[in-house]
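J.: Position chain B against the provided structure of chain A, taking the given hints into account.
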Amino acid sequence: MRMTTKRRAMLQASAASLVTAAVGPAQAAPPFFRLYLMIPNNQPARMIWGTLAAQQMSRIGIDVVSSFVPFTVISPRRSRGDGKPHAEGGWDAYLERYYYNAITPTPNSLFHSRLAPPSGQNFYYVNDPQIDDALDRLGSTIDPAGRQAAYRDFAKRWYDTEPMTILFYPKDVIAVNPKLRGFDTTTFNPVFFPNPESWTIEGAGNDATAAFASWAPPMSLIPMYSNGYSDSNIFGPVYNRLYEYESWENKRLQPGLALSHTMSDDGKKWVITLRPNVRWHSGEEFTAEDVKFTWDTILNKAYGAPIQATAEQVLGGTESYRVTGKYEITVELPKYDMLFLDWLLGAQAIMPKHAYEGIAPASMRGHVASTWNGRFQVRVSGGRTYTSLGGVGTGPWIAQGYDPQRRAYKFVRNENYWKPHTGNVKTFYVVNIQGTDSVLSALRSGAIDAHDPMYDIGPLASTIEPSWGKVQSFDSFKWQHICYNLRHPVFGTGVDTPLGRQDPARAAEAAAYIRKAISHAMPREQIVKEIAGGYGEEGTVPLPFTSEQYDHDLLKPIAYDLDKAREYLQRAGYQY
Amino acid sequence: MSDATLPAIAAPRQRAPGIWRQSWYRFRRNRAGLIGLAMVTLVVLVALLAPFAAPFAPDDTSAMLRGAARRAPSALHWLGTDRNGYDVFTRMIYGARTALAVGLGAMIIASVIGVIIGGIAGYAGGMVDELLMRFAEFFMVIPVFVVILAVVRLFGIVVVGTWLEDIPNLNLMTIIVLLGCFEWPPIARMARAEFLRLRNSEFVEAAHCIGSSRRDILLRHILPNAMPPLIVLVALGIGGAILAETMVSFLGFGDPRAVSWGQSLYFNYEALKVAPWAVLSPGAALFVTVLGFNLLADGLTDAFNPRTRQ
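Top to bottom, those sequences are chains A and B. Letter 317 of the first sequence, counting from 1, is numbered 317 in my numbering, and no numbers are missing. Letter 246 of the second sequence, counting from 1, is numbered 246 in my numbering, and no numbers are missing.
If you are wondering where the hints come from, they were derived from the structure by calculation, not from laboratory data. Hints should not be assumed to be uniformly reliable.
[Said to hold, decoys possible] Derived SDA-like pairs: lysine to any residue, alpha-carbon spacing no greater than 20 Å straight-line:
id, chain 1, residue 1, chain 2, residue 2
1, A, K529, B, R71
2, B, K273, A, G534
3, B, K273, A, G469
4, A, K529, B, G67
[What the hints assert, rightly or not] Stretch-level coverage of chain B by chain A, calculated; a stretch enters the list once three of its residues show a Cβ under 8 Å from a Cβ in chain A:
id, stretch
5, 39-49
6, 77-88
7, 160-167
8, 254-265
9, 270-281
[What the hints assert, rightly or not] Pair by pair, the computed Cβ-Cβ distance ranges are:
id, chain 1, residue 1, chain 2, residue 2, range
10, A, G435, B, T162, 31 to 37 Å
11, B, G67, A, N373, 44 to 50 Å
12, A, D136, B, Y269, 47 to 53 Å
13, A, G435, B, S62, 25 to 31 Å
Even for Gly, the Cβ is constructed at its ideal location relative to N, Cα and C.
Here chain A stands alone, though its shape is the one from the complex (with noise of 0.2 Å):
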């Protein structure tokens, strides 16, 4: 039979566009691909922006696949260090609140290349050789003006690839009792916790009792594990660190349980020289064997700590610190590195080498020294033994145990602590309240005094009466986030993007438009005006909007534009 023009017309036609279909050009049609995104279940704001989000992404023509979820279900999809996409059992997407370890911004401690899990916190998969060079030089540099310069390279990178969405910056916003005198900080795990001993309840004499509402129970109470607030909320009071801050509002490190220290020129050789006359709360003294202690459980990776990776990128290994006297210790460091200073020295707690030496790595998370759930003995020299009811330290709190009744951590004043207590607070708790309308309610009880800033009451600040609370806001240092698995081959690798495809020279660059492609999707402005109460910034880059290092000349808001967004879907290879 003799074809006729009609139908061959139409023949070459439906070859032509299955050629096309099948080698190019670049071009896909909405919904362009599909992105679970988890959002954690655990406050109801972030759950509000958590699905504005996903409809702004959809908005753009993301096929966005959102559940509410608890974050166990989130931490061991994102802990599994193999970077697979949710649909094969990790992640793609999922909502954060974020900060650093330390009151210096330690990018360098999270988003190395080499930091990836399980040994390190780049959950993310950042692989950035900008940013690996920019975070190189942040961490070795000495001079200020330098590490300054890699501040703004690492920040320039980050604005221009976006692996992260950072939505804005919160401010912590706490209600006190009025009657509390004191309470001047916010809390930040780790360094800067309630801390009791400078607190003053008026009119309740010279033995007051305060508690502090904290929202989630604690995973583990030993230091080197501490995941979160939840933890360091109630160990903080009863450990001290080498270094400690002197005030939130000039966070700047003074002498904790080290005097002082020397540097060499090249800041690779430090002498640590360390406070004398320091007791343990079992009676027994701190010297720098108990520092060697902590340094040497800490780098041991049979005990799991999450740290672990990071403390062996300053110190390199065991062998480069060695105890030179009773009270200090020599550090030969591999490089100079800024986290030494500002992390190690001035956010890891010390930990007690003749209460802890004996516990097996395996037993150290369920120990009572982690869970204060129990008793156990100290041997102490002379032949004693003392008996604890939760963690050793030398801090101003000692640990009397969980009362799961009352959900309560108790302590009590450490009459020989080495700095004087302020404060006219003797006994005090920190009790797992969840929920802000509960906690509000328990200050409004006298149940507590102070709580911490992870119950987001700035959109309730107008419902508290002085009678009840004095409302106090802080700068943060955290933010809020949208992070990626950068491992997943459309908006991480970007090897599965139209562009990618066609020319995967260019993958990174199309996965990096997706990612700008959301983040003008992103409604920053009325993020933080309407769901955070006002109380917030606009989110750029992971730095504090207040620190010294946040370049407020080139990091101005990025806007809510969704015409740019689909522009930059568009320049992936992906067509409306």
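T.: Here is chain B on its own, set in the frame of chain A:
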């Protein structure tokens, strides 16, 4: 026989009103039942007319984008806006669809399972009856709520990457199916009791005598007569299922893409003092719906079985 009775015998035979008509006569005299019916009718109408009655799309967050979240009721937003920037009135209207879908869906599943199992147990008796009733009791002691939370979580993992994922509102569907699968035992027990009672009744024996098949006896004679008490249970169950879904959503395990009163309550309860309308409206809608079904069930009980009232 007296003379007075003669005319009645001579009169043409009138068919006595059936059980349904008699029940309707009685139901009409039950004020609470009628109020319940009116409430349920209102909810059903609202659900059916939602696209026409709602002033905004259910996922419209434009109020948030123009800085008008948590705004008090106004001419534009009759019941105000909530923390998400949703129009509260719109979400309340669309929430009726979800509530009815959950209530009706769950109870349809429960009824089908319950009537089949209860009917077989009641009609067959003996060992079959024993086994099926123990099976029903097994389901009654399982904490439904915990199972729903666990299965919703598990299902959220299992379906990833499969065709099931494309089912709209899969989380909600899962909740409906689970509620249906755990709410059938009371219906089965009631069905069993009714089948047991009716299988020895005269009209069933008569049906046997005229050679009716077992299927006919079950479906045409026993089942219609067993329905009244089952309908009461189903009406009560609808309210319970709606509350169960609300509780799951209120705990943060609901379907992010569904419009649910429970979810509205969850997102807004902390702002009760700041934007009470965002909580009171879904709360009121939930109250009206559940109360409506309960009053309706109460009225149906009186209508189908007036002796219980006496």
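J.: Work down the list of hints and note, for each, if the structure agrees.
T.: How the hints compare with the structure:
| no. | hint | in the structure |
| --- | --- | --- |
| 1 | A:K529 - B:R71 | holds (13 Å) |
| 2 | B:K273 - A:G534 | holds (17 Å) |
| 3 | B:K273 - A:G469 | holds (16 Å) |
| 4 | A:K529 - B:G67 | holds (7 Å) |
| 5 | 39-49 | violated (count 0) |
| 6 | 77-88 | holds (count 3) |
| 7 | 160-167 | holds (count 3) |
| 8 | 254-265 | holds (count 3) |
| 9 | 270-281 | holds (count 5) |
| 10 | A:G435 - B:T162: 31 to 37 Å | holds (36 Å) |
| 11 | B:G67 - A:N373: 44 to 50 Å | holds (48 Å) |
| 12 | A:D136 - B:Y269: 47 to 53 Å | holds (48 Å) |
| 13 | A:G435 - B:S62: 25 to 31 Å | holds (30 Å) |
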